[in-house]
Amino acid sequence: MTVEKRGIVIIGGGPAGLAAAISARENGCEDVLLIERDRILGGILNQCIHDGFGLHTFGSSLSGPEYAGRFIDRFQELGINVMEGSIVLSLDENRVLSVSSREGYRVIQAGAVILAMGCRERTRGAISIPGRRPSGIYTAGAAQNLINLENIMVGKRVCILGSGDIGLIMARRMTLEGAHVEAVFELLPYSSGLPRNIQQCLNDFNIPLFLSTTITNIHGKDRLEGISVAQVGQDRCPIPETERYVPCDTLLLSVGLIPENDLSRDTGIELDPKTSGAIVDDAFMTSIPGIFACGNVLHVHDLVDWVSLEAASAGAFAANYVRGIKEGRSSIPVSAGEGIRYTLPQAISGRMDLTLSMRVSAPWRNRTIVIKDGETEIKRKRMVRLHPAEMIRVDLKANDIASCSRLEVSVE
Amino acid sequence: MKKGYDVTIIGGGVVGCAIARELSRYDLFVSLIEKESDVGLGTSSRNSGVIHSGINYKPGTLRAKVDVRGNKLMDKLCRDIKVKMKRIGKITVAKDEKDIPTLYRLKEQGEVNGVPGLKILDQKEMRKIQPGVSGISALYSPSSGIVCPYGLTIGLAENAHDNGVHFHLCQEVSSIETLTDGGFMIRMKSGTRLQTQVLINAAGLFADSICRMAGIEEYRIYPCRGEYYVLDKRLNGTIKTLIYPAPRTDDPGLGIHLTPTVDGNILIGPSAEYIEEHEDYACTAEIMKSLREEGHNLLPDLQMSDFIRNFSGVRPKLTPPEVGGNSDFVIEDRRDINGFINLAGIESPGLTSAPAIAEMVLSMVGDHLPLRPNVHFSPDRKGSPFFFSELPEEEKKQLISENPNYGEIICRCEKITKQEILDAINNPLGARTFVSIKYRARSGMGRCQGGFCMPRITKILRDEFGLSPEEFILRSRTSPLFVGKVREGDQK
Ligand SMILES: Cc1cc2nc3c(=O)[nH]c(=O)nc-3n(C[C@H](O)[C@H](O)[C@H](O)COP(=O)(O)OP(=O)(O)OC[C@H]3O[C@@H](n4cnc5c(N)ncnc54)[C@H](O)[C@@H]3O)c2cc1C
Ligand SMILES: Cc1cc2nc3c(=O)[nH]c(=O)nc-3n(C[C@H](O)[C@H](O)[C@H](O)COP(=O)(O)OP(=O)(O)OC[C@H]3O[C@@H](n4cnc5c(N)ncnc54)[C@H](O)[C@@H]3O)c2cc1C
Chain A
1 MTVEKRGIVI IGGGPAGLAA AISARENGCE DVLLIERDRI LGGILNQCIH
51 DGFGLHTFGS SLSGPEYAGR FIDRFQELGI NVMEGSIVLS LDENRVLSVS
101 SREGYRVIQA GAVILAMGCR ERTRGAISIP GRRPSGIYTA GAAQNLINLE
151 NIMVGKRVCI LGSGDIGLIM ARRMTLEGAH VEAVFELLPY SSGLPRNIQQ
201 CLNDFNIPLF LSTTITNIHG KDRLEGISVA QVGQDRCPIP ETERYVPCDT
251 LLLSVGLIPE NDLSRDTGIE LDPKTSGAIV DDAFMTSIPG IFACGNVLHV
301 HDLVDWVSLE AASAGAFAAN YVRGIKEGRS SIPVSAGEGI RYTLPQAISG
351 RMDLTLSMRV SAPWRNRTIV IKDGETEIKR KRMVRLHPAE MIRVDLKAND
401 IASCSRLEVS VE
Chain B
1001 MKKGYDVTII GGGVVGCAIA RELSRYDLFV SLIEKESDVG LGTSSRNSGV
1051 IHSGINYKPG TLRAKVDVRG NKLMDKLCRD IKVKMKRIGK ITVAKDEKDI
1101 PTLYRLKEQG EVNGVPGLKI LDQKEMRKIQ PGVSGISALY SPSSGIVCPY
1151 GLTIGLAENA HDNGVHFHLC QEVSSIETLT DGGFMIRMKS GTRLQTQVLI
1201 NAAGLFADSI CRMAGIEEYR IYPCRGEYYV LDKRLNGTIK TLIYPAPRTD
1251 DPGLGIHLTP TVDGNILIGP SAEYIEEHED YACTAEIMKS LREEGHNLLP
1301 DLQMSDFIRN FSGVRPKLTP PEVGGNSDFV IEDRRDINGF INLAGIESPG
1351 LTSAPAIAEM VLSMVGDHLP LRPNVHFSPD RKGSPFFFSE LPEEEKKQLI
1401 SENPNYGEII CRCEKITKQE ILDAINNPLG ARTFVSIKYR ARSGMGRCQG
1451 GFCMPRITKI LRDEFGLSPE EFILRSRTSP LFVGKVREGD QK
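As you go down the protein sequences, you meet chains A and B in turn. Position 179, counted from 1, in the first sequence is what the working numbering calls 179; the numbers after and before it change by one each time, with no gaps. Numbering-wise, the working numbering comes out as the position in the second sequence, counting from 1, plus 1000.
These are calculated hints, taken from the structure and not from any lab test. As the structure is a prediction and not an experimental result, all values here were calculated from the model. One thing to keep in mind: the hints can contain errors.
Stated by the list, open to error - Covered stretches of chain A (chain B as the covering partner; in silico rule of three or more C-beta atoms under 8 Å from a C-beta of chain B):
hint : segment
1    : 143–150
2    : 154–168
3    : 258–267
As the list claims (entries may be wrong) - Beyond 12 Å from chain B on every Cβ pair, some chain A residues (computed):
hint : residue
4    : 104
5    : 107
6    : 196
7    : 208
8    : 222
9    : 234
10   : 276
11   : 290
12   : 306
13   : 312
14   : 316
15   : 330
16   : 399
17   : 411
Glycine included, every Cβ here is placed at the ideal spot set by N, Cα and C.
Chain B with its partners taken away, still in its complex shape (with noise of 0.2 Å):
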């Protein structure tokens, strides 16, 4: 590892990887440090997936701020970097005639903070965007999409490491030493130590800890759960926009809503519970029943049989389960450690935000290091991935007659093929965990969840990579897949 760096991020979340991708525009020695085995394992994979609009935050508040703003860079971002997105578009919906004052006065605060295109709709108006939905009046908000977070932050990754950074994943940072002569050392818990002028704190749920590395005592996250239920792809096209009950005083969060995402399926969920431990992503007996009864309610057609996994994210929180609600981000170049910029408390909407905050980030970086452009940065992403199965017909038979790999399936759900799967293994940043897979060629996330591709891309593996089974890992080293061979004698 060399070590003077210009800059180091801590945390290769979305908002880590959004900042590197920033910095890699200028001629700066960058490294992103993140101790799980693939980008994005964190909360940047666990969420919504929701582009918010901006209607929903406080005006003057720095959520405000940089959600708007992240919401105007993402077409363009999405497009540089080959990540899915839709513009579907928000209804903000009036129950009864008591929400109304509600509606107009998000559409003011909307406004105030610059959020394009706000209308009032009628009840015609709204059951045009979605057909059927009850309540009388709803708040429209066009600029409101939807993402994939994990291709989203994988994706500003990858080109990040296209463009110079320098990623270094299994590495869990253990202690900061402020250097006498400016600049950090970071100890890694694997031993390894590395120096940086000025270091960024994008640990997300762990950025309290990397604060009290570096000394500074005053925040405090408190992990909050949110659990989800994915829906099979038979429902695809049900929910056309997304749909908020307007917000009410005696309910603290958005609520329980579906939301659908990117490639098809629909969320249910998120559910809000403080709970002790940061990366608790267990699903809870209680709220799973609950959140079945919730889609039993908002979509009639609902079998037992779409209902295919189940996952929960956490929020790190800045305010404590006592007081509820949120606090506003944290985003500031500490005076009193030179060289050290510090985010915390980046919950919702930090996934859209994240390229908002990368540019105010790199506005501070520029307090401290000359900012001179990377001649040779490029905005687009290598490589192309793209989605086999929705190509067109004449296209797919182009490709198969040039590459027989993809004429081969190898996950039967989602139809991805095996030129996919080798992409995904052969990702520029080096993971190659079935979970690192998953996130960039969507192997396993149907309704099968892996029984099928899971044994195939086990072959692959050990036939076109040379992996032996006890080096198959689900998402870190500590989570091996297998134990071994079943006969040591076979070929196999």
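Just chain A, same shape as in the assembly (with noise of 0.2 Å):
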């Protein structure tokens, strides 16, 4: 079969994929080809008709499709190729991808591969729900995508389990649309939505929310009928005389993002069992040279803003790679601490400034996220809130960590 040469290949066209295309060709690498599974680029972004994306990046709050649309049209104007309604099935540790299409059937060498392919929804399965399966019960986001794009409505009667965003976005926008929706119910004892978006979504429209509280069972041989839910213990188990029945004809499950890194399994790469996606150095390269990965596809992002930034970083290295600027291995390793869910990049090279993503474990106030090398201290930043739901961003110089052998993050 005869294969194409080509520069940078990007896997995925939303908020990621779009940012990483733009700073690749930005910074010097003439040919730059973006292939994207949908009609249209934008990703997620499309069916996030609610506002809320770009505070930080535009200063204004743009919805989903306004925010990519500003990408798609500097995308644009750059002239950078793109396969839309081609999907990349298969990727090898040589960066040789084949991309189905109705066009055909083609196999591409890339000079370096950016993979942004996002993520997918956690499912009813996964997280072992007991009962029936009538119909009735969808994840969120599909929900949200028959919703807002096709025009179809799925339910009137509405519970949600979990308080993930796009959970709280929904509850919202079924109100809005004319179903009741009954409650919220969340296993943990706090949200893992952005409070912004309790107050807005929930709040303001009187639903409620019921932490630690999961469902027990599910009711209705053909349509949902109803669902048994229950108050849990500090084991998580639910407790049986809290146990009550809530009549719904829907279920919208909003249970976790899951980074979609089936490909990129299949290739071999090595992935971090805590954010589900590749572990990467300072320059966003995966555990093979010339892999590169960033935006939900790397680890779940509350903030598209932060997608975007970190996406045109991993472009600009994809860049420099494909005109052979190395950047040497990364040999300093970066673990998280007391306090801390994971840290991301897992190595550093200590030879440039980068800036540590990482989430906490548990909500706090008026709390420190130190970091240190061994006993000494290399900086810390006082947090007033901080929140599982939102990830963290602290900026190193360096200067600062040119001597170090390794890091370790930890709230105090």
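These two chains come separately, so use the hints to put the complex back together.
This is the structure:
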């Protein structure tokens, strides 16, 4: 089969892929090709018709499609090559991709690859909800797609499991479209969505949020008729005496996003069990040379602004890579200490400025993020509010870390 | 609906569909009635999918006879009707010395039943087949295998349909009248009536109700549920063969075990629990927990994210809970009711046995009606259902250039193309639910469980088949997926 040679190939045309492509081009790579499986660019933003995007980047609150539109304009201005309606089916460690579309089946050899495939939603099966299997149970994102893009209403009397942002946004959306949202139930003792979404999507519409509560049974042979819910104890197991029945015809699941790394796994890229994304260095390069990752496929973001920033960085490093500028080994490991769920990148070179991204493992007030090399403190950042739903970014200067041997991030 | 059928089958499970196909070889006017919107939505799609060898059944029983015969028929059948099957063999493992006599007893029993190729393996030989398996010795049965259970049922039905059998879906039989001048008048819940000379009861879990409608009181079905977990394809290849522990007298079932599927997933299960309601396909928190624990014991590499789905199936047992165990299959031509052929208690190994049961039933039908060959019969299922993702690259490239629908992926997890979805929607039986599409194309069966493809299939059904949102159903008319449009004025 004939193999086409390309410079940088980007898999995925969401905000990450777009920003990476633009940056790769702006950093001097003439041959950038973006491959997107949908018919249009924009990724998940196309179905996010609510506003709240771009506060950091553009200083104004845009809708998802508006935010994506700004990048798409720039992308087109630069005349970057794009294959839409094309899915990457495989990628090997020599950066050979197979791509399928209505136009044909192609094999491409890339100088560098940037993974920007986004994420998918966790399902009922993945969280093992007992009970029957009637119709009326959807992941929140699938419901959002049907309502916002297909003009199809999924139900009238709705319960939502999980307080992730998509679930919160859908609580408001369903209400605005005339459905009755009974409640949102969350297993954890705190919400996993952004505080502003709790206010604007639940409180403003008098939708109750029950924390430390989960679903214990699903009722209805054909269409969903109701759910049983119960409070959970410290061990997160349901307390039988608290079980109650809530009638509803629709259940939306907003129980977490998983970076879509099926392709990366088959390629043999090393993944981090904590992020479910690739292990990368401070150039966003994965364990396979010349393959980079950014955006939700690397770790799940809450704000699209950080996705775009991260992707722009990855794009620039990929442009360097194809030009033959290799960043060299990143031998300084970065690990998550007390109070930190994960940090990214997982290893750094110590030769350049970088931003560490991280999430905390529980909500706190008035704490300090501390970065240490053994006993030596490198940096501390005082935080009024720390919440697992909000990604934290800490900037480090090359000067500060040049002589480090390992870094540990923790909350004090 | 035309009235006088020669033969009518109640029940579109694997057994009813195998009978329908077998009868379609002859010049008979045959119909099949199924209460659900498609064939195979009951027990026949809710089992382990194992082609049993026949070592476990008492010599002389019907179960032993039809299982061994059904097993033999399976290769050609699956080739003809294009169904996935694999003869991966089975090892029945002796944990310690105590189990050794059991292996020899099973081997002898199997040989009496006519099971080919049985062999006792020492630990080394056993581990050559399945590396790392614990135990000291095993009985190897090379004729054991796996088959796609819903694929088999659908394949039999579609081929029977191609050969002239009438399928009446969404029709629940509610009464049976024995006509004085021979034959039966069958009434459906919908009000439809249908007349037939010979009537075959293949109603699975409801075989006893059908019996009662015909005036037979002696059977009662006790539903006994088995729950499963489906594991992600990530683990494909870790289980090379079927592995069962040597049965112990203190453990009545075959025990919870791992079963690879023809598509590369692994099943954990089934449990065994008598229940009240015949079609209560729920999964319960307690059993799910024990299955997860069992899974971690059997597969040390198992991760939480590997559990992608649960399901359950219900065994139509003739033995009440107090008695337990299994009773033999009932396959009888009722002398008291002329023309009524009755099948009851077809639990495991009913899937394996279905083709052989069909042969038995055919000969019974032959006692009532003349059997002249159907000169138009073709054993090959029309069309060529194959799985595009499993084709070599060059072939894929060729197919896409001929038909762009093969280039468009609708189900990202299983890599199912638009053409495969269209073929599934256009199936000959006219079943058009999401589950029908899923069982034919495998869409929505992967790790995202339809989150990605469901909206896309919805779009195809609306834009290319003109369905309105209210007409989209999961598995039956009573399980609608949507309530309507968000906004009336909109185009879509
Ligand atoms: C419902 C929802 C609401 C949100 N709300 C907000 C908000 O209010 N404010 C905010 O700032 N952020 C919000 N976010 C976060 C932000 O939108 C996301 O983090 C961001 O869109 C992620 O961008 P991405 O490019 O990594 O992924 P995506 O946008 O998911 O893009 C990935 C793209 O890759 C394509 N792709 C995947 N695999 C392949 C393949 N094999 N071949 C070809 N193409 C492929 C996909 O089709 C997709 O277009 C929200 C996110 C979601 C999901
Ligand atoms: C947990 C479990 C595991 C199993 N594992 C295996 C295995 O590994 N290997 C094996 O060989 N066998 C196995 N079996 C057994 C096998 O699945 C069954 O024996 C087989 O599927 C029975 O097929 P059937 O056609 O008789 O019944 P069914 O599939 O139940 O079909 C009967 C049909 O009749 C229809 N019907 C009922 N009442 C009416 C009515 N009034 N009007 C119209 N239609 C009606 C039903 O809707 C149903 O579709 C297993 C069974 C279970 C439960």
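Comparing the hints with the structure gives:
no. : hint    : verdict
1   : 143–150 : holds (count 5)
2   : 154–168 : holds (count 3)
3   : 258–267 : holds (count 3)
4   : 104     : violated, 6 Å
5   : 107     : violated, 8 Å
6   : 196     : holds, 25 Å
7   : 208     : holds, 23 Å
8   : 222     : violated, 4 Å
9   : 234     : holds, 18 Å
10  : 276     : violated, 8 Å
11  : 290     : holds, 23 Å
12  : 306     : holds, 24 Å
13  : 312     : holds, 27 Å
14  : 316     : holds, 29 Å
15  : 330     : holds, 27 Å
16  : 399     : holds, 40 Å
17  : 411     : holds, 26 Å
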